[in-house]
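**Student:** One letter stands for each residue in the lines below.
There are 2 protein chains.
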Amino acid sequence: MKIYDATLAPNPRRLRIFVAEKGLNIPNEQVDIFAGKNRTPEFLKKNPAGGLPVLELDDGTCIAESVAIARYLEALNPEPNLFGRNPREQADIEMWSRRMELSLFGPIGRAFQNTNPMFATRIKQFQDYGAAQLETAKRQLEWLDGQLASKEFIAGSRYTMADIHALTAIIFGQQTLDLRLDPALKNLTRWHQSVSGRPSAKA
Amino acid sequence: MKIYDATLAPNPRRLRIFVAEKGLNIPNEQVDIFAGKNRTPEFLKKNPAGGLPVLELDDGTCIAESVAIARYLEALNPEPNLFGRNPREQADIEMWSRRMELSLFGPIGRAFQNTNPMFATRIKQFQDYGAAQLETAKRQLEWLDGQLASKEFIAGSRYTMADIHALTAIIFGQQTLDLRLDPALKNLTRWHQSVSGRPSAKA
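For the protein sequence lines, the chains are A and B, in the order given. Residue 5 is where the first sequence starts when you use the working numbering, and the numbers rise one by one after that. Residue 5 is where the second sequence starts when you use the working numbering, and the numbers rise one by one after that.
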């Protein structure tokens, strides 16, 4: 199998962190998204939605969407477990993954797309909306700090896919929006130092 | 167990359709979101994010987020299967569920929140952004029509969670944004008539 990747983009990073945590070695091919190589007819055969990452299997078929690929890889390589070992833990990890993706990564991504000059020629930008989304993301981080008062990781007592979602969002915010974690958010800072110290954080 | 529900909101509807497809009977308690009853200290103990639906278990603990609850219920009640029977099918259903949620439901929800008077007192609205999001949703429906040329359901040859995501998004668009499916989108129209004819569509 092979992963089509783009180093700077957040969705491929989410998968790279996951693959690193699993200890897997999967060949990787860079796709130049700045040159639109993910929108060519050839690439759209692999993923008609045009996004990255994409996992190409040995039979030539493809799976797109970072979390779909991650679930597939976890089914083939159960340990270390990142999606939950029983129905209740699976539900808690999914709940927290959704909160991190929909309410933290989402606003950060929309702030980036609506304010960054890179997107000015690709989409109609709404600068004021983008600025408001950044504030929404900051409020979500404050909320998350409170939630982390009673637990070590996002979904509970161990590192899971939910931490990968949160870390991916924060890295993307730091890289593109100069989003800084307020040191006054002590629980969030403690969590962030912990997960950033794992080798996978540099994937 | 008990589900905290809100009839008109889309996330609870996604779970109701799922529960109906599974043939489950789970007691249901309405929460008046218009009166902010999902933001009371008591409710925030059940779901600190304040959203609906929430599944309360017999031990008093809760699971929030429609898809987390649906996965939990599928683990306890495997048939009829809606999340996939093997790793590849699970990945395909997740891929298509994400496309439908992130690229169809997302724009419809943001169009609603940024244009509907109901939200004028709850969030800062960006009317132009909301209007643009509605156009994004319409383009996504055109894309989906092309994708449905070669298959009966969203993720392939059978009804799955991905269909529930798409139908929930379209129902919400129809109810709140007067989103109409263009009859020229013949594949989409055929799919929509098929899934709308299932008893679960009225859940």
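It is worth saying that the hints were derived from the structure and are not from the lab. Hints are not guaranteed to be accurate.
Because identical chains share one entry, a pair is satisfied inside a single copy or across any pair of copies.
Unchecked claim - Here are the simulated DSSO-like pairs of lysine-lysine, each with C-alpha atoms no more than 27 Å apart in a straight line:
hint, residue 1, residue 2
1, 128, 142
2, 190, 155
3, 206, 142
4, 190, 128
5, 128, 26
6, 49, 190
7, 206, 26
8, 6, 26
9, 190, 206
10, 142, 50
11, 49, 142
12, 50, 155
13, 50, 190
14, 49, 155
15, 155, 128
16, 142, 41
Small disclaimer: the values here were computed from a predicted structure and weren't measured.
**Student:** Now tell me, hint by hint, if it's right for this structure.
**Tutor:** Okay, the hints, checked on the actual structure:
no.: 1; hint: 128 x 142; verdict: both (24 Å within a copy, 16 Å between copies)
no.: 2; hint: 190 x 155; verdict: within (13 Å within a copy, 51 Å between copies)
no.: 3; hint: 206 x 142; verdict: within (23 Å within a copy, 38 Å between copies)
no.: 4; hint: 190 x 128; verdict: neither (38 Å within a copy, 29 Å between copies)
no.: 5; hint: 128 x 26; verdict: neither (39 Å within a copy, 42 Å between copies)
no.: 6; hint: 49 x 190; verdict: between (46 Å within a copy, 22 Å between copies)
no.: 7; hint: 206 x 26; verdict: within (14 Å within a copy, 42 Å between copies)
no.: 8; hint: 6 x 26; verdict: within (16 Å within a copy, 36 Å between copies)
no.: 9; hint: 190 x 206; verdict: within (23 Å within a copy, 47 Å between copies)
no.: 10; hint: 142 x 50; verdict: between (36 Å within a copy, 23 Å between copies)
no.: 11; hint: 49 x 142; verdict: between (38 Å within a copy, 22 Å between copies)
no.: 12; hint: 50 x 155; verdict: between (40 Å within a copy, 17 Å between copies)
no.: 13; hint: 50 x 190; verdict: between (43 Å within a copy, 24 Å between copies)
no.: 14; hint: 49 x 155; verdict: between (43 Å within a copy, 16 Å between copies)
no.: 15; hint: 155 x 128; verdict: neither (41 Å within a copy, 33 Å between copies)
no.: 16; hint: 142 x 41; verdict: between (33 Å within a copy, 25 Å between copies)
When held up to the earlier numbered hints, the structure conflicts with 4, 5 and 15 and fits the remainder.
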